[in-house]
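Read off the chains here:
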Amino acid sequence: METKPDINIDRSIGDFHYDVDYEFDAGTGLTEKTIDYICDVKKDPEWIREFRKEALRKFNSMPMPTHWASHDLENIVFDNIRYYLSQGTQPKRSWDDVPEDVKRTFERLGIPEQERKFLAGVEAQFDSEAAYSNIKAAVGEQGVIFVGSTEGLQKHPEIFKKWFGKVIPTGDNKFSALNSAVFSGGSFIYIPPGVKVKHPLQAYFRINAENFGQFERTLIIADEGSEVMYMEGCTAPKFETSTLHSAVVELVALKGAKIQYITVQNWSANVFNLVTKRGLAHEEAEIKWIDCNIGSRLTMKYPGVIMKGRKARGEVISIALAGDGQHQDTGAKMIHAADETTSNIVSKSISLGSGRSTYRGLVQVGRHLKGCKNNTECDALLINTDSRTDTYPAITVRGKENACQHEASVSKISAEQIFYMQQRGITEAAAVSLAVNGFVNDLVQQFPMEYSVELKRLIDLEMEGSVG
Amino acid sequence: MSLKIENLHANIGVREILKGLNLEIPKGQVHAIMGKNGSGKSTLAKVMAGHPDYEVTGGSVSLDGLNLFDMEEPDQRSRAGLFVAFQYPMEIPGVTIANFIRAALQARLPEGEELDAVEYYGELYKKMDALKIDRSFTSRAVNEGFSGGEKKRCEVLQMAMLNPVYAVLDETDSGLDIDALRIVSEGVNAMRSPERGFLVITHYQRLLEYIVPDVVHVMVDGRIVMSGDKTLAHKLEAEGYDWVEKETLTNA
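Protein sequence lines, in the order shown, are assigned to chains E and D.
Numbering-wise, our numbering puts 373 at position 373 of the first sequence, and it's gapless, one number per residue.
Numbering-wise, our numbering puts 203 at position 203 of the second sequence, and it's gapless, one number per residue.
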């Protein structure tokens, strides 16, 4: 197959923005003053101010992890980033209350249509603050709390404080420290014992200001025997200079609870997407991350599950698509910390043009444990001759009667396959798209309907112009 | 109206495989090409389809007067009405038969027009039933884990769905047991029509008991050297190919 390196990625879907007058703007750069400014505007309680400042000290003292990670991180100029922007308005619950210019942006993103569907609640983050937030009565009546992180820490401190920063400590890594210092936005969700939320809760995240880092912070607590599915989708407008997105997401599944966290993200090609996601699964609890990474300049994300209670279960299903010039550095962490815990990792990556996908997996089973199982599968598909993939599995299994299985494969779409499809009348580009969709098909089916449709469309968009 | 091949020359690498092949299949007829392994039969099918490994160095192929080589991409030739059922169909992991055939039909529609899903499945099931392909196959990935017979039936299913003007069947009988051979042949015979021409490439006369050809050609070393009616196939089966080569040499 003749391959051509030029890739025209159609990003028109996210490539627009409207001018918004930001009422609060912390300016560029990050000092204690920035933190004070954020705390004052957000009316943070004193313990959060201390928490932020401690985090800033950690952030400043930690080196960039370039001894293992991409040196591209060194191109982030922290002094040029705006750490806080807000319209200063409280989250809105009714669509009519949402400012007109904000609404226009949302309409291009299709949120009203989504809303009309069966979604239980929409929490759409517009830059730093949730500009629109709505929970359907049915969910509210069940005692479910679904609010922005600021509202969560102010109105539900008894639950918030107990778990905040406990799954992912501030100093877990340099970027979790950064997020802890300047976080704003994100969701706080609490599901009471035994409540099974029927419909997925959904949030849209979007970056809308040049040089503006988005640092949302999400905390989800599923109390004993409850179930919830959370969906997050991202698109970002395209700007000339680099943009930083560094989120922290913490999940807590108490005894017998189930959490599914689904992400479909499509950052524009200048975004550094450095996200820390981790869940804590208690006895017989189940945490499943379904993660799809498309776009961005560099994504570093390794969703993890700490299986703390007996028979807890962790799962990471991930799809990464690295377009020309992009680097998807993704993977999973499974920490088995109790007997009979099981984990499953299925990762599929596609590299296009000069795109690079990296899988990093960490599986740990302690010496004193028994009856633990892990299954890891990672498959990479390379489209062009200069596409690249690498795999770094780190598996430590100690103790007796523990089982671990690891399978990895790298494949290319063969010229014979393309020829076969073309003989049926399918164009070369459509044939590659079809083969790529086929490659991820079994994983895409795990996404809820409307996401799997969107995902296939996104993959098709990315494939356009990559061949032929 | 015909599929007309004139003085076709084609190479793979520096090796010439087709050395001036002439053949005309009038619409409505079934022609068979028989020949020993290595005579260039499969190459002919691939060259017509536009396989990138082969280089056409001379001659022409026309579909009802349309120059096939004006169409560079294999998919253009397919949409112009040429279908090739392959001897070794490729596996396409993760792509279901239903989605695959659908994509092929969608590619034939004008831009902005969507294939009617209900109508499509109705048609697909009808043709699957006729070919005795279990309906559960629609959700199986194309040719993945298929037996030899299943692959060939799947090729004929695709042909039935795509309604080509000219179809080339390359060794469709290989790997088929007698029941599968009958089913596949019935599928092909059901498509015989004054509006369609077939070129059946085979090593054995057996297939031609089921798909009875109007004309049989013998291919030796990249050329058609002899043509006749179906009795020629019987003679080849009984006496082998050596006499053809001798006769060709004496005539030459």
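Check the hints yourself; a few may be wrong.
Said to hold, decoys possible - Below, simulated DSBU-like cross-link-like pairs (lysine-lysine); rule was C-alpha separation at most 35 Å, straight line:
{"no.": "1", "chain 1": "E", "residue 1": "Lys258", "chain 2": "E", "residue 2": "Lys174"}
{"no.": "2", "chain 1": "E", "residue 1": "Lys456", "chain 2": "D", "residue 2": "Lys27"}
{"no.": "3", "chain 1": "D", "residue 1": "Lys132", "chain 2": "E", "residue 2": "Lys412"}
{"no.": "4", "chain 1": "E", "residue 1": "Lys456", "chain 2": "D", "residue 2": "Lys235"}
{"no.": "5", "chain 1": "E", "residue 1": "Lys412", "chain 2": "D", "residue 2": "Lys127"}
{"no.": "6", "chain 1": "E", "residue 1": "Lys161", "chain 2": "E", "residue 2": "Lys255"}
{"no.": "7", "chain 1": "E", "residue 1": "Lys311", "chain 2": "E", "residue 2": "Lys400"}
{"no.": "8", "chain 1": "E", "residue 1": "Lys308", "chain 2": "E", "residue 2": "Lys373"}
{"no.": "9", "chain 1": "D", "residue 1": "Lys230", "chain 2": "E", "residue 2": "Lys456"}
{"no.": "10", "chain 1": "E", "residue 1": "Lys412", "chain 2": "E", "residue 2": "Lys370"}
{"no.": "11", "chain 1": "E", "residue 1": "Lys198", "chain 2": "E", "residue 2": "Lys258"}
These aren't lab readings, by the way, just hints derived from the structure by calculation.
- Message: Hint compliance check: list the failing hint numbers for this structure, sorted ascending.
- Response: 2, 4, 9 and 10
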